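Chain by chain, the residues run as shown.
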Amino acid sequence: MKTDKNHITPLYVYLGVGAVLLILTAITVGVSYINFGPWNLVIALAIAIVKATLVAFFFMHLYYDNKIYMMVFTISLLFLVVFISLTMFDTLRRGEINKTEAEPIKKEAIIYK
Amino acid sequence: MSNSTSHSTFLAHHFSDAEQQKESAKLGMWVFLLTEVLLFGGLFVFYAIYRSWNPDMFYNAHKFLDINLGAINTVVLITSSVTMALAIRSMQLNKKQNTILLLTATLLLAATFLVIKYFEYSHKIHLGQLPGKFYTFTGVEGTNPHIFFSVYFAMTGLHGIHVVAGMFVIGWVMIRTFKNEFSSEYYTPIEMSGLYWHLVDLIWIFLFPLLYLIG
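Going down the list, the sequences are from chains A and B.
Residue numbering for the first sequence follows the numbering used here, beginning at 47 and increasing consecutively.
Residue numbering for the second sequence follows the numbering used here, beginning at 38 and increasing consecutively.
It should be emphasised that the hints constitute simulated quantities derived from the structure, not laboratory data.
Since the model is a prediction, treat every value here as computed from it, not as a measurement.
The beta carbon of each residue, even a glycine, is placed where N, CA and C say it ideally should be.
Among these hints, one or two may not hold up.
Stated by the list, open to error - Short derived list, chain B residues pointing at chain A, Cβ under 7 Å: (1) Val74; (2) Ala108; (3) Ile115; (4) Ala122; (5) Leu232; (6) His235.
Said to hold, decoys possible - Stretches of chain B that chain A covers, calculated by requiring three or more beta carbons in the stretch to come under 8 Å of a beta carbon on chain A: (7) 56-66; (8) 84-90; (9) 125-138.
Unchecked claim - Heads up, simulated EDC-like pairs for lysine to aspartate or glutamate below, C-alpha to C-alpha not over 20 Å straight-line: (10) B:Lys161 <-> B:Asp103; (11) A:Lys113 <-> B:Glu56; (12) B:Lys59 <-> A:Asp111; (13) B:Lys170 <-> A:Glu149; (14) A:Lys113 <-> B:Glu60.
With the rest of the complex left out, here is chain B (with noise of 0.2 Å):
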C-alpha cells in the first residue's frame, strides 16, 4: 500500500506515498466541509433571531408546509446516503458493477427528492407563498409571515443548490467508475464525494424538524 512506484498511475508524485496523498485529500474535504457548515450557518442564524422575534407567526405559517412530503423526502435523502455509503463499500471490495448501481440509485433518489421539492415549492408559488415583496398569500395569521417563507426558500434554496451539484459529482465519478479509474486502492474522489452527499443529508436532518415539524 505504502510502495509508490507500483501505484505511480493515480499517486501525485509530490506526495511521498498512496497514504499520505489521501490523507491529505481527506483534510482538505473536511476544511471544505467547514466552510460548508458555516455557510449554512449564517442561514440557521437567520432562522434563529426571526423564530425567536415571531414565534407565533412562524408557528401558524409552518402549517403550510405539507409534513408527509417534508418527511418523504428526509426518508429519500437518508436512503440516498445509505446507497451512497456502500457504493463506496464495494469499490473498497473490488465491485465495480455494485458501485456503479449503487451510484444510480443515489443519483435517482437525488432526483426523486428534487421532484418532491419542485411540487412543494410549485405549490407554495402558486399560492404566493414567496419571500419578501412577492408574498401575497393572505392566509397566514401573524406579522410579517412572508419572512418565514423567506427562511424557508433561502434554506432549502441553498440545500437544493446542494442537492444539485451532489447529483454533479455523483455523476461525474460514476463516469470515472465507468473508465476504471478507481479500484479498491485507489478511490478518494468517490469518498469525497460521499463525504460531500452526507453533509448534504445532515443539513437536511436539521432543516426537516426546523421548518416542518414547529410544536
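In isolation and in its complexed conformation, chain A is listed as follows (with noise of 0.2 Å):
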C-alpha cells in the first residue's frame, strides 16, 4: 500500500468503525451471560482482539500509514506474547512435584508489616 502523509480518512469509515465497537461491545457482554465453559475466556478475548484491531488499523491509521509503524506495534505485542507465555510455563507448572496449594496469606507476612 502506498504510504499516503496527509491521508485523509472518509467519515463513514470513522462512524462505521465506531458501530461496530459499539456492537461488539453489546456482544461480548451478551455472551458473558452464557456458559461456555473454558470457552468463555477464548470468546471475550477474540472479541477483544477483533476490536483493538479495528482501533489500530483505524483509528490509529495503522491501515494507512507506513508499515513501520505497524511493525513497530506487532514488536511490542510479539514481546508481550513471550513475556507471557514464558512465565506461564513457570507459574502453570509450580507445584507439580511437591504438591502445594493455595492457603490464605499469613497475618505475619510481609505484607501486612
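Got two chains here, separate frames each, mind docking them using the hints?
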C-alpha cells in the first residue's frame, strides 16, 4: 500500500468502525451471560482482539500509514506474548513435584507489616 | 507540501521537509506506545498468573464489579475515540471550529469515564474491597480474594492515570488549536495525542472483559 502522508479517512469509516465497536461491546456483554465453560475466556479475548485491531487499523491509521509503525506495534505485542507465555510455563507448572495448595496469606506475612 | 521554506513556522531546521518531520514524530510516538504496551504488559502478566492460580476466587470476586458501569464506561471510551479521530479529520479539512468542538466532546467523555470510575472506586472503598492488607470485605468465597482487588485497582488505576494524562494532552492541543497553531498543513501534535488516546481506549477494551466479564 502506498504511504499517504495526509490521508483523510472518509467520515463513514470512522462512524462505521465506531458502530461496529459498540455492537461488539454489546455482543461481548451478551455472551458473558452464557456459559461456554473454558471457551468463555477465548470468546471474550477474541472479541477484544477484533475490537483492538479495528481501533489500531482505522483510528490509529495503521492500515493507511507507512508499515514501519505497524511493525513497531507488532513487536510490542510479540514481546508481550513472549513475556506472558514464558512466565506461564513456569507458574502453571509449579507445585507438580511437591504438591502445594493455595492458603490464606498469614497475618504475620510481610505485606501486613 | 515538501517545500520547506514556505512552512518555516513549524518545520524544525534539522528536518529536510515537513513529511520527514511528521514521519519522525510518528515513529517516536509509536516507540513510546510500544513502551506503554509493555508497561501494561507487566500487569497483564500479574493478572494471568493469579487468575490461573485462583480461577474460582477470580470468578467469585468479579461478581462484585458492576457490569453495567463497566459497559457504560466502554461505550464512553469508544465514543471518545471516535470524537478524537473526527477532531483530527476536521483539522485535516481546516475546520478549526469543529476540531475544538470535537476535542471538547472528547474531554467531556473522558471526564464522564473518570466520574463513573470514581463511583465504582468509592463503593469498593466503602465496602473494604481493597488491595492487600487494606482488604476488610468478607463476602467473597475463595482463598485470598484481596488479590483480585489488587489486580483490579492496579490495572484500572494505571489506566485511570493514563486517562487523566490524556485529558491534559488533549487540553494542551486544544489550547494550541485556539491559538491557530495548527492547520491542514501541520497538525502533528493533535494526531499524536490521538494515537495516545486510542491506546488508552485499546487497553480498556482488554481490561473490561478480563475484569468485568469473567465467565
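Right, here's what the structure says about each hint:
{"no.": "1", "hint": "Val74", "result": "4 Å, holds"}
{"no.": "2", "hint": "Ala108", "result": "5 Å, holds"}
{"no.": "3", "hint": "Ile115", "result": "5 Å, holds"}
{"no.": "4", "hint": "Ala122", "result": "5 Å, holds"}
{"no.": "5", "hint": "Leu232", "result": "6 Å, holds"}
{"no.": "6", "hint": "His235", "result": "5 Å, holds"}
{"no.": "7", "hint": "56-66", "result": "holds (count 5)"}
{"no.": "8", "hint": "84-90", "result": "holds (count 4)"}
{"no.": "9", "hint": "125-138", "result": "holds (count 3)"}
{"no.": "10", "hint": "B:Lys161 <-> B:Asp103", "result": "11 Å, holds"}
{"no.": "11", "hint": "A:Lys113 <-> B:Glu56", "result": "15 Å, holds"}
{"no.": "12", "hint": "B:Lys59 <-> A:Asp111", "result": "12 Å, holds"}
{"no.": "13", "hint": "B:Lys170 <-> A:Glu149", "result": "16 Å, holds"}
{"no.": "14", "hint": "A:Lys113 <-> B:Glu60", "result": "11 Å, holds"}
Violated hints for the displayed structure: none, as all numbered hints are satisfied.
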